[in-house]
Each structure stands twice: as C-alpha cells, then as structure tokens.
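Here the structure of chain A is known, so what remains is to put chain B in place on it, guided by the hints.
Each protein sequence line maps, in turn, to chains A and B.
Numbering (our numbering) for the first sequence: 1 to 194.
Numbering (our numbering) for the second sequence: 1 to 216.
None of these hints come from the bench; they were simulated from the model.
Nothing here was measured: the structure is a model prediction, and the numbers come from that model.
Be aware that one or more of the hints could be misleading.
[As the list claims (entries may be wrong)] Keeping only pairs whose Cα atoms sit at most 30 Å apart, straight-line, the calculated DSS-like set for lysine-lysine is:
1. 2/B with 192/B
2. 36/A with 192/B
3. 95/A with 65/B
4. 36/B with 9/B
5. 123/B with 61/B
6. 123/B with 65/B
[What the hints assert, rightly or not] Partial chain A-side listing against chain B, Cβ under 7 Å, derived:
7. 27
8. 80
9. 119
10. 179
11. 187
12. 189
Each residue gets a CB set at the ideal place from its N, CA and C atoms; glycine is no exception.
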Amino acid sequence: MSFSDILLLMFTAILVENFIFAKFYGCCPFLGVSDKPDTALGMGMAVTFVMTLSGAATYLVYHLLLVPFHLEYLKTVAFILVIAALVQFIEMFLKRFVPALYASLGIYLPLITTNCAVLSAALLAVQNDLNFIGSVAFGFSSALGFTLAIVVFAGVRARLQFAEPPRAFRGFPITLIAAGLLAMAFAGFSGVRL
Amino acid sequence: MKGFLRQLKEGILDHNPTLVQLLGMCPTLATTTSVKNAIGMGLAATVVLIFSNLFISLLRKFIPKEARIAGFIVIISGFVTMVELLMKAFFYSLYQSLGIFIPLIVVNCIILARAEAYASKNKPLPSAVDGLAMGLGFTFALLLVSTVREIVGNGTFLGVSIFGKGYAPALLFVMPAGAFLTLGFVIAGVQKVRAVREERARAQARANEETKEATV
Chain A
1 MSFSDILLLM FTAILVENFI FAKFYGCCPF LGVSDKPDTA LGMGMAVTFV MTLSGAATYL
61 VYHLLLVPFH LEYLKTVAFI LVIAALVQFI EMFLKRFVPA LYASLGIYLP LITTNCAVLS
121 AALLAVQNDL NFIGSVAFGF SSALGFTLAI VVFAGVRARL QFAEPPRAFR GFPITLIAAG
181 LLAMAFAGFS GVRL
Chain B
1 MKGFLRQLKE GILDHNPTLV QLLGMCPTLA TTTSVKNAIG MGLAATVVLI FSNLFISLLR
61 KFIPKEARIA GFIVIISGFV TMVELLMKAF FYSLYQSLGI FIPLIVVNCI ILARAEAYAS
121 KNKPLPSAVD GLAMGLGFTF ALLLVSTVRE IVGNGTFLGV SIFGKGYAPA LLFVMPAGAF
181 LTLGFVIAGV QKVRAVREER ARAQARANEE TKEATV
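Pulled out of the complex, with its shape left as it was, chain B reads as follows:
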C-alpha cells in the first residue's frame, strides 16, 4: 500500500511525465483548449497506459529484444483502437472534439517511454500501477494548462462563465500560440518550485552537517 502511494506521488508530482520529464508535448499543446477536452484526453491516455503497461509486462519474457519497439507499438495501438471505439460509442461529443488526437495516443511518447523504461522490466501489478500514476500525472498537467487557457481565453471553467458578460476573453490563449506560451509559463513555474525545494533541501543538509560537526 505504501509503495502504491509512493508510486502515485512520483508519477503525479516528482516525475510528472509532462511537466518534469517533458514527454507527450503534442496532446498537451493541442487538447488543452478546454478543461473538458483535457480531462477526456488525460483519462483516455491513462486507460491506454494502464492496459498497455500491464500487457507488455505480462509479455515481457516473450517479446524478442530486437523487435520490442514494434511489439510495443502493436499492443499500444490495439488498446488505442479499443478506447477510440468505446469513446465513439459512449462519449460521442468528446470523441468528436478530440478528433484525430485519439488515434494519435499511439505515438504519445509517454506510453512508449513507460513501456520501454518500466513495464518491460517489472512485474505486471507494479507496471499497471505505474501506468495509472503516469496517466494521472499526464491528466494533472493537462488540467493545469487547460484551466489557465480556458479561464483566460474563454472566461469559463468547464463551460461555466466566471467573470460574467463584461469580460472580453483573451482569444490568444485558445489559439495555438497561447498553448506554447501557457505551457512555457507553467513549466517555468514548476522549475521555480523545484529550484526552491532543492535549495531548501541543500540548506537543510548543510545545517545537519554543522550540527554534526558541532557535536563532534
């Protein structure tokens, strides 16, 4: 249980696939025009990640090393097709607004990276948990970027108006340029937080050392 929570925390915060590892930029930029799209995209990718990690881990002893990337891609694209058909059947409006970015989950580098770096070397259960953690981390990043873009660029959050009628939305933020700018500022914020935390940890370590020296 403890390991499970630690894995989740690592995926969402410390090793966030988008904000820290800088993977999967295309969907992060493209599907964050509204919070609803971002959540849909994030969860779709999470489902694919959990199942592809699980199956790649189960098959890790049977996939020949030389052909592993091709093998991974076939497994991933199978699950992506399933998710696509399910979304088409049950969430049609979301399916339409995400459009081609659903099949493009196949080439999302986060999924291939987790398959290569984690699932192909670990047991099935931790691999599935890793998929869940990384997927939630990805969803969290999309949520962060889309919240900024929808509020500033459209004056709404999840479709609900926030500033009332008087607010003239900054259209730039829902345009492609706004995607790059918002993500740039969000990642700069993350780097700032990490730098501050590292600085604090270093100061802590120094203080510990001094007290140790003093006692000696």
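Chain A extracted, bound-state conformation:
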C-alpha cells in the first residue's frame, strides 16, 4: 500500500463510510454516551485508542495464528477474545502508569468490549485483505470517524435539551430523529467516490 492509498482509505473511513452514519457500527455508545460533549470526547478517545491497537493485534492473530492452522472460521471468537483481553490490559496499564488518562477514560473502557465498531473494524480489515499498515490505519481512521460523529452529535443533543418536542417524542425518539438529520448531512459525502 502506497502512502496515497492509505490517505484515501482514511478519508473514506472518516467521512464517506462513516461508521455511525453510513454503516451503523457502534450505535449503542453513540446513542448512550453522547449527552455531553466532553464525555463524548472521552468515549471517542478511548475508542480510538482501543481500535488502533486492536487493528494491529487482530491482524497479527489472524495472520500468524488462524491462517497457518486453517482456523479462519474461528475469527469471530478469536477477535472478540483479543479485544476483551486488550481492553482489560489497557485498563490495567493505564491505571498503573498513566493514572490521569485512566481517570478520564476509565469508566468508558469496559464498555468498549461490546462496542461493535471495534469488532467490525477488525472483521472488515480481514474481509478487505488489508495489510498490517492498512489494518492499523483503518482501525484508527474508523475510530476518528466515530469520534467525529459522537462529538458533533453531543453538540446537537446539548441544544436538544432546551427544545420541547411533543410528549411522546421526548427522550429517545427525538434523539434518534436528530441523528437521522445528521445522517442526512453525512449522506452528502456518499457521492464522493475515491
């Protein structure tokens, strides 16, 4: 993969095929932890951290362990275990060595294991036959797309608190509709084919 290939891959992953607004990976944390911009940013940073590392780890596990033993069909089980272990490891590492970062990311870390964005980035990287650099870049830029979406949306939701929708729409429904409007804006990128 040349440098420009990687740039294109990253641009596509962040805007054109945004994980939330085009692919729906990671909608649970997107809808759950986006009520304040700073918590949203914390979640986005934690996800970026994990997804970049899991891009590297799952690539190594797949190509050094599963492929040589012809166990490709076990990739879902293997990847989710790698991700769970990685999250646990990062949590312990941060707690021990970077307590300040742990204090700000700590509560979001355990949630990431069941964030489908992480698993789908790993599976997609295998499906699209990306090499090591590509796999890491894909994990990193997909996570940036996720962060962009969740932070922008948290800004929208901060405004939403002062709105008065009809009673039945209060809470979750109006949040979904706001997300729909944002998805329309992101649909504008879908014409961009690189």
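Just chain B, lined up with the frame of chain A:
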C-alpha cells in the same frame, strides 16, 4: 404453561428489548432495509439467544463471578459462529445480504444483557424461554421498522410490489438517515401507547378508590 405465555408476552410487548429497553440498536438500524433481511436477522439472533441463555444458565454455578463477562462472550460467540456457518451452508443469499452483521450478533447488547440479567440467575428451562421471548420481541421490532422502510422506501413488501409502477419510492427511507427517522417515529408511537395505557390504568385505580371510599 401460563408462565410460559406470560414470559412470551413480556418479551414481545411489555419489556420488548428493542422498543422498550432500547437495546441492540445497531442491527435494528442496519438490517431493516427489507422485511426479508429483518426476519433473517431476528431469527438468527433468536437462535443464538435461546442457546446462549440455555448454556449460560447450565454453567451459571461454574463460571467465576469476576470472569463472567468474558465467559458469556465466549459462549455467545461460539453459537454465533455456528449460526453463521449454518446460514452460509443453507441460506446463502441471506448470509450475503446480512454480511458482517451476522458475526456482529456477538456484541448485540440484548444477548449479553439477558445473559447477565436473567440466564445467570435462573434455571435452564425458563432461561431458554426467556431467550425465545426476547428474540421474538427483537424480531417483532425489526419487522415493524422494516415494514415501514420497505413499503415507503421501495414500494414493496417482502419483494411484492404494493403500489404498482406509478409509485416513486421515497429513497430516503432505505438510506441510513431513514433508519434513524423511522425508528424514532416507531419508538415515539410505542411511548404514546404506553403513556395512554398508564393514564388509563391510573384513572381505573382512581375510580376503584372512589368506589371504595363511597362504600366506606
């Protein structure tokens, strides 16, 4: 038998995992572009839910508390892999159209939530029934959303044209934005129904109290 029916009703209506508990949003948004995909996704998740609940319940005394989430995930991902391979063998076109969302059943929060909240605390048989009930509830929600999206966005239901050739489909509804909008309106409808029912129950309770007071 009565308990079985009550459990089913709770899973499908009163405690619907998607529409009331608001879990499992990713597949609800992503696989509801057509009714066929939605049914396939719903049933695949139901099968996984039944078996993972059953096995987690059987193993509930052996799984150490500290490592339970990891244990649950391994059990769930094993069944997901089985379902994936079976679908690949017998329902290939459905397998292709659902794509990556089949392996992603592993991280569907409904399944982990039921494992944690129900199967790890209850006997095997009720746990399997709970899996069936929650799975059907999930399927029902997917069916609801996908019916709206396929009819409005494509002018068809299960691939059969409804409005004839003259209908220009509102493409927005099969696009991602339409998924969020449709689900928003469906959940608003559910909240409205629940609010009306609660109001009625409250009025009933008040009326009962008044008659009681009158007799006293």
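Taking the earlier hints as the rules, which of them does this structure contradict?
12
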